[in-house]
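Participant: Listed below are the residues making up each chain.
4 protein chains.
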Amino acid sequence: MLYFENDYCEGAHPAILKRFIETNMEKLPGYGMDRYCLSAKEKIRAACACPDAEIYFLSGGTQTNAAVIAAFLKRYEGVIAASTGHINGHEAGAVEYTGHKVLSLPHKDGKLSADTVRNYLQTFYSDENHDHMVFPGMVYISHPTEYGTLYTRQELSDLADVCSLYKIPLFLDGARLGYGLASPASDVTLQDIARCTDVFYIGGTKVGALCGEAVVFPKKAPEHFLTMIKQQGALLAKGRVLGIQFDTLFTDNLYLEISKNAIKTADRLKEALRRKGYRLLIDSPTNQIFVILENAKMKALAQSVRFSFWEKYDGNHTTVRFATSWATDMEEIDRLISLL
Amino acid sequence: MLYFENDYCEGAHPAILKRFIETNMEKLPGYGMDRYCLSAKEKIRAACACPDAEIYFLSGGTQTNAAVIAAFLKRYEGVIAASTGHINGHEAGAVEYTGHKVLSLPHKDGKLSADTVRNYLQTFYSDENHDHMVFPGMVYISHPTEYGTLYTRQELSDLADVCSLYKIPLFLDGARLGYGLASPASDVTLQDIARCTDVFYIGGTKVGALCGEAVVFPKKAPEHFLTMIKQQGALLAKGRVLGIQFDTLFTDNLYLEISKNAIKTADRLKEALRRKGYRLLIDSPTNQIFVILENAKMKALAQSVRFSFWEKYDGNHTTVRFATSWATDMEEIDRLISLL
Amino acid sequence: MLYFENDYCEGAHPAILKRFIETNMEKLPGYGMDRYCLSAKEKIRAACACPDAEIYFLSGGTQTNAAVIAAFLKRYEGVIAASTGHINGHEAGAVEYTGHKVLSLPHKDGKLSADTVRNYLQTFYSDENHDHMVFPGMVYISHPTEYGTLYTRQELSDLADVCSLYKIPLFLDGARLGYGLASPASDVTLQDIARCTDVFYIGGTKVGALCGEAVVFPKKAPEHFLTMIKQQGALLAKGRVLGIQFDTLFTDNLYLEISKNAIKTADRLKEALRRKGYRLLIDSPTNQIFVILENAKMKALAQSVRFSFWEKYDGNHTTVRFATSWATDMEEIDRLISLL
Amino acid sequence: MLYFENDYCEGAHPAILKRFIETNMEKLPGYGMDRYCLSAKEKIRAACACPDAEIYFLSGGTQTNAAVIAAFLKRYEGVIAASTGHINGHEAGAVEYTGHKVLSLPHKDGKLSADTVRNYLQTFYSDENHDHMVFPGMVYISHPTEYGTLYTRQELSDLADVCSLYKIPLFLDGARLGYGLASPASDVTLQDIARCTDVFYIGGTKVGALCGEAVVFPKKAPEHFLTMIKQQGALLAKGRVLGIQFDTLFTDNLYLEISKNAIKTADRLKEALRRKGYRLLIDSPTNQIFVILENAKMKALAQSVRFSFWEKYDGNHTTVRFATSWATDMEEIDRLISLL
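Protein chains in written order, with the numbering used here: chain A, 9 to 348; chain B, 9 to 348; chain C, 9 to 348; chain D, 9 to 348.
Hints are not guaranteed to be accurate.
[What the hints assert, rightly or not] List time: in silico DSS-like cross-link candidates among lysine-lysine, alpha-carbon distance up to 27 Å:
| no. | chain 1 | residue 1 | chain 2 | residue 2 |
| --- | --- | --- | --- | --- |
| 1 | A | Lys-116 | A | Lys-278 |
| 2 | C | Lys-305 | C | Lys-278 |
| 3 | C | Lys-175 | B | Lys-228 |
| 4 | D | Lys-116 | B | Lys-320 |
| 5 | D | Lys-320 | D | Lys-305 |
| 6 | B | Lys-272 | A | Lys-35 |
Keep in mind the hints are simulated off the structure, nothing from the lab.
Given only the sequences and the hints, what does the whole structure look like? Please build it.
Facilitator: Pasting the structure below:
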């Protein structure tokens, strides 16, 4: 059985496990105060060219989204997101559980445009009754998006401008950030992201770590963020578990290097799909490929390949998703191609 | 520097890291559906003699407490706890963050007695105005307690009877459960706990794991518990991280075996303290030792040993805590003793 | 200045104030246990032909919506509503503040169709990942809707069938229910509503009361609803304030009788608008009239009439709302017509 | 049957109902923007000698407590209160429902001393682990307290000093404020309260109104307080209902004048109780009298008088509460005395 169902089906990059073993019996302080956390933070600051960034490590994407959003928002504020945003549909209402509304707006290929956000904010503040409504208090975007698409540097910058104008923070969910940074189609660097956003996270779970996301506040973290993540049950006693992983991933550019594999394998697959006449739902430049399959073909393929059902396309077709990752073997791609 | 500050300052038991490496490139389903999670659950069910138990793995203690409590309680209910209960003072209000009150009651050496609980419940229901009050919806105890003390089998059974009478669940926080089970002073087994409680957890973070707690529902889990832990940001994508650890800890009785080390080393330390005339705040039979030190002695000791400040005892004395663990070396104990 | 801005700009129907005076010095128990509350409940049960209905009185619409929704929903559930639903846009996120998502669906003239709901529920349960999503736990509709439109008996019945099939309650927000019941265009009676829904409320604030909404649970109220409304700060000490008002409104059919005035005055206004060639945004059969005005005309009119800005229609036109009420004088209508 | 069960068993002061009738058909803007609200605010500002105070009107005590506390507290903060504080025991967990812990401290006769608060704050901030605890973010006191006792001007001032030192607001719950101000035993004026606190409320429900509490922010209200009360379902559409009541109560000193009646009648009752040899649990200088009755006497009395059960005193005695109010007739007192 070939496995293209998601990008978190393996363990960790071997270098991480090696470091776990090397450091295992060192006695270290808890809660992220150990030297591996400190070292990882320094390396991430350097990679972001952001020497004053405050950085925290959390365990997973939904946790990180809820922690960041609930830390920034005032009680009467909600978070703007594309209707396709992960927080809007696939996190079991984690944001609402903290008391805040997700203000969902129309998207294009999973992306939220600065114009859409600006219009919403203008309309909101020009409505005389806006005191009876949820104040927009943050903009959430994902990069890559849930459709694998990427913002351009200009688009990010435009979003940053709107946010700045209305004095609300811009939050970039980078659960798959490595795959965005490694995509040759992108002109966006880690430094660009650090410059344009008020907070973002560098996803580890889907890019080589066992678990873990590095939350970066390029300007300033909300006061008492540590207490707030404790309050949400998101503070690991052995912070080293996350520190060691990110310290490894940000040594010798490992994070970016291993991300490239996902792009290369995805590109080979996409090329084969096109060559064989398959239609792609969307031309994603990262590690998620959305293909429209005839239902009969889909069923046949499911005998030997695991992939994600995405949505019904029409009466005879279904959109499915193939995901590659840092760990995908090119040989697996070739076997998949031979089955198409 | 000797390190007795807590029981989570090392990494994981080496057998766990070994298994991480062995299983690393296996492609496994996410969210706790992998075969290591399934196997770990089977082994825990066997250890609990509870073949129908439902089991979930979470990452840390505060997270587990908040998830379990908020899953069981109805909206108008609070959780009864000793005033010294971890949820009442040291979890940053994580329970209240989910909307529920901690109904704190007096303790004895960190323990909550069945009588105290019964009196509270009787008084509550005989108060004509109780519809204007928080309904008691669960009893929370920790075993070992925050003072390292242990419930007897009879005490647990009495608490279970009160809970059963008032139809509210009994929840046992076992963050340090291994050290309770391994204490020769205790007559309580894992099976006793499974029989007496409605939910409890087997602590991994403090007993050999990198992170992880195994939540056991001996009778029945609340409906849609998986969705609720997702909603609280507590669902790891790579559930294998927790499954592999507990599968290892519950192979060949490893969990109990490594727990014994904490008891043996703590016992040696206690004996030495007594011999040297130190007063213990409490006679804890597990891995936490609370000693009353003269302030001058405390300062001197702090030059070469890390321990926890607990509380001011009087003008000249302070209570401090020494913690041992699965990883404490007997040689470290001897060096500490030589400094006392 | 003529005043058509809303339907809550006057005090109460004079019969209510008269009763306040008559009963003022009677010493009565608090929290809704007084005899006026009991009498009002009996009268409402009779009007609903629902002898076992449980009834509670609350103070306002947003409060009632939040109280009812948060009382019914399980922690992992959200409430389905039309995107135009009052709870979705104009209640400052009161539902989300209780931890629940509003699952907004497309509407037609402010109405949610049974088909739309059924499709959503089918799609939700056929999605393999629905455990990672917010469970739909209730359907919210308003009648009249925010656009003044009305469900037919068949439409209500169809919605009830879908809800019944999926075992989720149907909640009808009747903030303006009197105006719906009094509309000759409607075939829906109070008894129909009691039969089709699991909970609904009879709006008082907009229909003759100083404040107050009567929440009716035709089958059964959620357990400990009183405690939950106390918990939300919605329990009035002097429950008589609400009981006396509803007892008066449900004596001699007063509620329905005074509602008719809003319909008659609105009808006269609509007829005049049509005659004078104005376009209506929607053909509402109740007390809210949405007219498309040229901007110049709108500005001129605003000199002598207060009305609500609704939304920009196009570059030169704006949609505004005129509302009539139980207290609108026909003479005021005629003066307004003369200004059009 | 004589009725001394509470101080909210009658309707409103007749002057209020008269004003309701006089103003009933005036068309007024909603949500507290009407001229009666504005006028009431001006009068309250004058009475407080606090020309810049921001004032809002809410409907009841629990609602006001939850709204004020949840508006001031940051997410990681709790509110300090006496263990006997109304918010701690008798509001169904309304504060916790908003996500915040009540940090309960020991009281003396229902009062919280500046020393108790200072010690708590000092201990909290000197605890190295306080980042894992709930930050104290406000001090809540009630005046009169739940035991009818009163703070002195000096005590209030001392509490204000501690709060100021730690930069946390002081909130005074004045559900029965009139009875405190009218007590000859008190040296505290409305101006003192406005000077010492950051927020307080002037209780209407128990002092002559049908419903309503006037929240006064002597310095500054939290930003977007209106939206927050809307979010909690606490914003009345017809704000006039509250405005007219407080405008009346603050005309010609009515609030204070009618409060005196509760004190006079309570004093007569206390004197009689003492004369007849009854023991008082506490020497309350306001309108609540706590008497220790023999159980047999209590039962006999209950045949013709309604009073509140307070708590078991010993095997043969019970503490009960008699409450007087603005509406208590001296003749009723005399009849009660004759039964004692």
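Participant: Next, verify each hint and record whether it holds.
Facilitator: Here is what the structure says about each hint:
no.	hint	result
1	A:Lys-116 <-> A:Lys-278	holds (21 Å)
2	C:Lys-305 <-> C:Lys-278	holds (17 Å)
3	C:Lys-175 <-> B:Lys-228	holds (22 Å)
4	D:Lys-116 <-> B:Lys-320	holds (24 Å)
5	D:Lys-320 <-> D:Lys-305	holds (14 Å)
6	B:Lys-272 <-> A:Lys-35	holds (20 Å)
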